[in-house]
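Generate coordinates for the entire structure from the input sequences, incorporating the hints supplied.
There are 2 protein chains.
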Amino acid sequence: MSKIVIIGGVAAGPKVAARARRLMPDAEITIIERGRLISYAGCGMPFYVGGQIKDFDQLFSTSYGVIRDEHYFMNEKGVKVLTRTEARAIDRQKKEVTVTNLDTGETSTIPYDKLVLATGSSPVVPPIPGLDLKGVHRLNHPDDARQIVEQLEGVSEAVIVGAGLIGMEAMEALLKRKIFVSVVELKEQILPGVLDPDLAAVLAFRLEEEGVEFHLGKKVLRLEGDEEGHVTGVVTDGGTLDAQMVIVAVGVRPNVELARAAGLTIGETGAIAVNEYLQTSDPDIYAVGDCVENLHLVSGRKVYIPLASTANRQGRVAGDNVAGRKSKFKGVLGTAVLKVLGWNVGRTGLGEQQARDLGYDVITAINATHDRTHYYPGHDNLLIKLVVDKKSRKLLGAQAIGGGDAIKRIDVVATALHFGATVDDLFDVDLGYAPPFSTPIDASHHTANIVRNKLDGLARTITARELKEKLDRGDDFILLDVRTPEQFNYRHIEDDRVMLVTLGDLRRRIDEIPRDKEIVTLCALGVRAYEAMRTLSGAGFKDVKFLEGGLQGWPYELE
Amino acid sequence: MSKIVIIGGVAAGPKVAARARRLMPDAEITIIERGRLISYAGCGMPFYVGGQIKDFDQLFSTSYGVIRDEHYFMNEKGVKVLTRTEARAIDRQKKEVTVTNLDTGETSTIPYDKLVLATGSSPVVPPIPGLDLKGVHRLNHPDDARQIVEQLEGVSEAVIVGAGLIGMEAMEALLKRKIFVSVVELKEQILPGVLDPDLAAVLAFRLEEEGVEFHLGKKVLRLEGDEEGHVTGVVTDGGTLDAQMVIVAVGVRPNVELARAAGLTIGETGAIAVNEYLQTSDPDIYAVGDCVENLHLVSGRKVYIPLASTANRQGRVAGDNVAGRKSKFKGVLGTAVLKVLGWNVGRTGLGEQQARDLGYDVITAINATHDRTHYYPGHDNLLIKLVVDKKSRKLLGAQAIGGGDAIKRIDVVATALHFGATVDDLFDVDLGYAPPFSTPIDASHHTANIVRNKLDGLARTITARELKEKLDRGDDFILLDVRTPEQFNYRHIEDDRVMLVTLGDLRRRIDEIPRDKEIVTLCALGVRAYEAMRTLSGAGFKDVKFLEGGLQGWPYELE
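These protein sequence lines are chains A and B, in that order. Per the UniProt record's numbering, the first sequence starts with residue 1, numbered consecutively. Per the UniProt record's numbering, the second sequence starts with residue 1, numbered consecutively.
The set of hints was computed from the structure by calculation and includes no laboratory data. Among these hints, one or two may not hold up.
Since the list gives no way to pick one copy over another, a pair counts as held whenever it fits inside one copy or between any two copies.
[Unchecked claim] PhoX-like mimics (lysine-lysine), calculated; alpha carbons at most 25 Å apart, straight line:
{"id": "1", "residue 1": "Lys-454", "residue 2": "Lys-328"}
{"id": "2", "residue 1": "Lys-391", "residue 2": "Lys-328"}
{"id": "3", "residue 1": "Lys-390", "residue 2": "Lys-328"}
{"id": "4", "residue 1": "Lys-94", "residue 2": "Lys-391"}
{"id": "5", "residue 1": "Lys-454", "residue 2": "Lys-326"}
{"id": "6", "residue 1": "Lys-391", "residue 2": "Lys-545"}
{"id": "7", "residue 1": "Lys-94", "residue 2": "Lys-3"}
{"id": "8", "residue 1": "Lys-94", "residue 2": "Lys-80"}
{"id": "9", "residue 1": "Lys-391", "residue 2": "Lys-454"}
{"id": "10", "residue 1": "Lys-326", "residue 2": "Lys-470"}
{"id": "11", "residue 1": "Lys-3", "residue 2": "Lys-80"}
{"id": "12", "residue 1": "Lys-330", "residue 2": "Lys-394"}
{"id": "13", "residue 1": "Lys-219", "residue 2": "Lys-3"}
{"id": "14", "residue 1": "Lys-517", "residue 2": "Lys-468"}
{"id": "15", "residue 1": "Lys-390", "residue 2": "Lys-326"}
{"id": "16", "residue 1": "Lys-178", "residue 2": "Lys-94"}
{"id": "17", "residue 1": "Lys-330", "residue 2": "Lys-454"}
{"id": "18", "residue 1": "Lys-394", "residue 2": "Lys-326"}
{"id": "19", "residue 1": "Lys-390", "residue 2": "Lys-302"}
{"id": "20", "residue 1": "Lys-326", "residue 2": "Lys-391"}
Below you can see the structure in the form of structure tokens.
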């Protein structure tokens, strides 16, 4: 009888066990888990902290209300789970794992035919004095979530250290609890590694309007506490922030100690190296989930991007392989999505700077648009950015933010990326259209067309940041706002160089526009500004460009 | 100066004009439109009828509130529009179009260098006596929508003839006006050509719970009216339905008369034949939108699928080509989406029967699932069906219905289809996961896995219809419900052959299950039933299958 041993019982491990069981009815399948809890919905923790999920058990329950514990695995899957049991060493010669029962201290060995490492990741602990103060938390385990909820009382101000995915989710959760939240981030932007700085700036600008405070490019020096050892503030190189609660979310690192001690190859990213069958350097040992590195399917490089979706898909693949079915895990696209304060945020593939760092000659476009027809009630805004290789016209990546349905577009581009699509191909895909869901030319198509217009020399653009720098620098140019007077009066960029000529009047009033000056056209979304640019170019104006993303993508104050 | 003449000013025509103008600042561009209204949002009409769009003008307005009329096209685009002007003949030798002003009766000729036919489609008029009665409408033009709204008063019962996309939208619109609606459809299902009968049956069952009444497989014989010539009822071969309003929505046919008279090739579908540059058989004449046939990218056959999304994308391509840029329209996937009474409905590629008719050896799977993690508030149901070619494992099509986000999955499969993906490829795509948007293994991945499990001999299934027939036929078998007792007591199939063994008890109670009988396992969604099937198969049971789509996909009464 084949013996399958899986180390790690959170996400990928149980998935391996379930799949292997369906394929191998007679195998002896054992999961070893250091913690008390297994198969929990780690991604649900922020919603428990925020109060949208009332019942802690929901994080461990199936959709039909059964708690996923040792009994569940034994009864429904015929899988043995040893909790509070730590794997201490792997003897690859003898093919056995030495484990210690953390409650009794007892040590024993478990033999395996195939071993699967699903050892996960651990939160990075930054070198900040004061992390041991009361009221300082992380949000990587259900016990963390429970602790935070238990200690919410009396907290009116909190600081999140780190503006990554978990930091943003923690921020939203505490805001829902009516706590004032500041976020301190070492990098100059929120969601570094997820969004490019341009979209991150727009998102941060909008989130601050919702009452959160970002301290970007700031380093936490230490945490301060009172005599009772409870945190009272966060000292940064930009000043001190009061806080009765601090959540540290500065990323995770793969748990590779066991693998390293067993002599398995650790990859260049610091995570366990596996082949496309998820086999480690020992063919009888597989590794899955947050402890492994993956092939990035766009760059061809190894990356460490630990995500629950990857862990689960890998679980199925490894389950196949331990059962002797050859199954491949091809790699990842770095797709990541997030909902924060009503904003949908997503990315896939390479970011602009990532792509440049890899040597691509990159062209990008930012498109401000509606997710659905503007006459359909409930339509909302979207800002989509595409990153494209100039030479091959191949898609490299996409990012999107907005109150509108950004995630559908991210999944569409992810699918296109998977198949090596060019930006032209993206426009060719027959996507679904009806007013409740999209526009006749979908937002992703439209964004592709902006890139194509740029590639083909029809569209010349300037980014919000470049325009802001031009304005601040005092350049001599015309900023031609082509919106309606009503829209202009509602809000506009206040500057002497701004000139209002509504698009519908432009052909008639074209002689009022100076021909010897650089002209930047501007509107709400970019559509009219592009039309104006084409009209002026067609009339012989030599130096015209339009503001990409319009005022919807303008992350600075307006009058 | 190049002369571009476009016949048709609704969707594709204006799009051609706008694109051509951006590329050809000096060209003379003229749109000829028979009607009074141009560039209207035909797809928005049902929402005007339903009252969600209050203002008729919204159907003609840009997102920034400017009415798209002749002045708009002249002022913003430099495009001349002649409304109430009918193109009567094309002289291909002289390259001119004979037009008649419908208000003055004056006839003149307009010369062209490139001509674009965007003549659209007209509603099919079925041979039903009584169509001229007052209160009988169609919903193909904004004037139709306005008439319906003007005549709503006093209407308490309405009949829709035709259960296609427009029929369903009209149905929802009238329901929103608190009118009792019956729908008569000649075919045995709703949404023929959009959904396969299995998903259509589930959707119809659910929509009837919302208070609509379907009369499927019924033929309308005539409409009845009162002395004042107002409609009072619809006589079908299944009885008479009272109605103070009737909307006839039995499809559209392409307007090809002008093209045919000019000697242009009409395709096998009856629509204008074009090559991939959207050129007709005359290289100086292009055709776009509802009047042309398209290449179906999965089947390789010509199809007539008139949709606004196709029209708009074709407009850009033809705009390129009349301007001398070689641009291709590769074809369509038959993607169509719809929102009806809170249900999201979509399809792409080939339906099951379509695929069989084309000679494919087809395998399908229906997956009942959640669109998001079950613990996230607001998650909703989904039913996804994939159609796959057994031999090549290539995706052929997908359909989805549900309160949950079906459309994202349709767009993902459409994108995969475009690139010739196999069902295995679909699972490999790195889609975005976070609890507000999906499950760690996305619904589309999960559906792909069911197909793969069937292909690989791991999953054996039975459809709802097959099971119903088995039950009705009196077959001797065990219907093993593996849900919890609470779920079972809430609702179940009432039959002597039903046996309740909760999945968690199955391994312990396995000896209670007769080994000599055929067993069909059953649960809410299908996940536990599959697990039970694998458990029983693993224990040596020979004839086990599970109900695909579970009770969520069961379109019959339950106790």
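message = Please list, smallest to largest, the hint numbers that this structure does not respect.
response = 4, 10, 13 and 16
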